[in-house]
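Could you build the full structure based on these sequences and the hints that come with them?
Its first residue numbered 6, the sequence shown is counted upward by one per residue in our numbering.
Note that these hints are calculated values from the structure, not bench results. Please note: incorrect hints may appear among the correct ones.
Simulated pairs of lysine-lysine, DSBU-like, Cα-Cα distance not exceeding 35 angstroms [stated by the list, open to error]:
1) Lys118 with Lys58
2) Lys178 with Lys207
3) Lys178 with Lys212
4) Lys286 with Lys74
5) Lys74 with Lys212
6) Lys286 with Lys118
7) Lys118 with Lys74
8) Lys58 with Lys7
9) Lys178 with Lys7
10) Lys58 with Lys74
Across the chosen pairs, the derived CB separations fall in these ranges [stated by the list, open to error]:
11) Ala29 with Val50: 18 to 26 angstroms
12) Ser24 with Leu184: 40 to 48 angstroms
13) Gln300 with Arg268: 18 to 26 angstroms
14) Thr57 with Arg268: 46 to 54 angstroms
15) Gln300 with Gln34: 45 to 53 angstroms
16) Arg182 with Asp215: 20 to 28 angstroms
17) Arg182 with Arg19: 54 to 62 angstroms
18) Val65 with Gly141: 22 to 30 angstroms
Ideal placement from N, C-alpha and C gives every residue a C-beta, glycine not left out.
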Amino acid sequence: MKTEDLRAFDAVVRHGSISEAARAMSLTQPAITRRVQNLEEDLGVLLLDRTTKPPRPSTVGLRVHEQTKVALRELDALSNLVAADAEPSGVLRLGLTHSMGSPRLIDVLRGMKEGFPEVTLQISTDWSAALVERVGQGRLDAATVFLTPNALVPEGLSMQWLASTEVVLVAAKGRFRNLAGRFQDYAEAGLILNPEGCGFRKALQRKLSDIGAPFQLNLETYGSEIQLGLVAADMGIGFVPRTALETSRYLQALDVLTPHDFRHVVDVRLVGPAFHGNLLKAVQYFGDAIAASFQMGAPAV
Numbered sequence: 006m007k008t009e010d011l012r013a014f015d016a017v018v019r020h021g022s023i024s025e026a027a028r029a030m031s032l033t034q035p036a037i038t039r040r041v042q043n044l045e046e047d048l049g050v051l052l053l054d055r056t057t058k059p060p061r062p063s064t065v066g067l068r069v070h071e072q073t074k075v076a077l078r079e080l081d082a083l084s085n086l087v088a089a090d091a092e093p094s095g096v097l098r099l100g101l102t103h104s105m106g107s108p109r110l111i112d113v114l115r116g117m118k119e120g121f122p123e124v125t126l127q128i129s130t131d132w133s134a135a136l137v138e139r140v141g142q143g144r145l146d147a148a149t150v151f152l153t154p155n156a157l158v159p160e161g162l163s164m165q166w167l168a169s170t171e172v173v174l175v176a177a178k179g180r181f182r183n184l185a186g187r188f189q190d191y192a193e194a195g196l197i198l199n200p201e202g203c204g205f206r207k208a209l210q211r212k213l214s215d216i217g218a219p220f221q222l223n224l225e226t227y228g229s230e231i232q233l234g235l236v237a238a239d240m241g242i243g244f245v246p247r248t249a250l251e252t253s254r255y256l257q258a259l260d261v262l263t264p265h266d267f268r269h270v271v272d273v274r275l276v277g278p279a280f281h282g283n284l285l286k287a288v289q290y291f292g293d294a295i296a297a298s299f300q301m302g303a304p305a306v
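In structure tokens form, the structure reads like this:
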């Protein structure tokens, strides 16, 4: 059996139809169909149920696909071992959490463009869990994400620790006389947070649920800097990575709250497949630069 036939069948299953598989592989639909049929002939079984529209994997087809993924992963690993020392070239798809956009990030990407002129960067943002899933699906080559220290990633992916950062509660300067009180007392003023899907927001919701306190949301918006501006205007309480606070234009107008019954620390990690092939140097540069931005106190958040 041929590798190209395995890839065509894998694409049909992953994308849900022959037409979408053809689009993803830049082939015609007849070419995809022919390759799947070649694989069926080699194995002596029908891999697709063609009584449905679009055709769906048969029962045995699903089992074959599981083994196909393993085979393709091993073949890719073999090729990547040879190419890992090559000069980076081609498309590099990187992901970052919504909270990692900053002026420092612009410097990181500019450095990558200058250092790897043959690489075409594609950058997308999402929540950390969604980015990890997209890396696992092969839709991203790597992503920098916020994860709790005990978090695990799916089998087949690698995870590199880059930095750790505390996520802190902040209020308008002078809003609270006691900056080291109970978490609940601060939360009652109402929160300014990211929309649903944010891990920081989930952490606060869990804490409030554990202590039997209501979740009072005043405002929700993307981006640490605009949230800090709203907090400085005394619109509510914020919850942002300390690195974002330390470099914010609103720093002098804010107090850090230090409740004695709540503290939240997250890791910044680089998640990707086990092998990156000739993109390895570019991915390593990206991870190192993001890590340095945290260590320097400059915001990658």
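**Message:** Between the alpha carbons of Lys74 and Lys212, is the straight-line distance 35 angstroms or under?
**Reply:** Given that 35 angstroms is the threshold and the Cα spacing comes to 40 angstroms, the pair is violated.
**Prompt:** Is the Cα-Cα distance between Lys58 and Lys7 35 angstroms or less?
**Reply:** 26 angstroms, holds
**Asked** Is it true that Arg182 and Asp215 lie within 20 to 28 angstroms of each other by Cβ?
**Response** 26 angstroms, holds
**Prompt:** Do the alpha carbons of Lys118 and Lys74 lie within 35 angstroms of each other, as the hint requires?
**Reply:** This hinted pair holds, its Cα atoms lying about 33 angstroms apart.
**Message:** Holds or violated: the 46 to 54 angstroms window for the beta-carbon distance between Thr57 and Arg268?
**Reply:** 53 angstroms, holds
**Message:** Quick check: does the Cβ-Cβ distance between Val65 and Gly141 fall within 22 to 30 angstroms?
**Reply:** 25 angstroms, holds
**Request:** Would you check the hint for Lys178 and Lys207, treating anything up to 35 angstroms between C-alpha atoms as holding?
**Result:** 26 angstroms, holds
**Request:** Please work out if Lys178 and Lys7 have their alpha carbons no farther apart than 35 angstroms.
**Result:** Not OK: Lys178 and Lys7 at ~67 angstroms, beyond 35 angstroms, violated.
**Asked** Is it true that the CA of Lys286 sits at most 35 angstroms from the CA of Lys74?
**Response** Roughly 26 angstroms separates the two Cα atoms, so the pair holds.
**Prompt:** Does the Cβ distance between Ala29 and Val50 fall inside 18 to 26 angstroms?
**Reply:** Holds, since Ala29 and Val50 (Cβ atoms, about 24 angstroms apart) stay within the stated range.
**Consistency of beta-carbon spacing, Gln34 to Gln300, with hint 45 to 53 angstroms** = 51 angstroms, holds
**Request:** For the pair we were handed, Lys58 and Lys74, check the Cα-Cα distance against 35 angstroms.
**Result:** Holds, at about 24 angstroms.
In the structure shown, a violation is registered for the earlier hints numbered 1, 5, 9 and 12, in ascending order.
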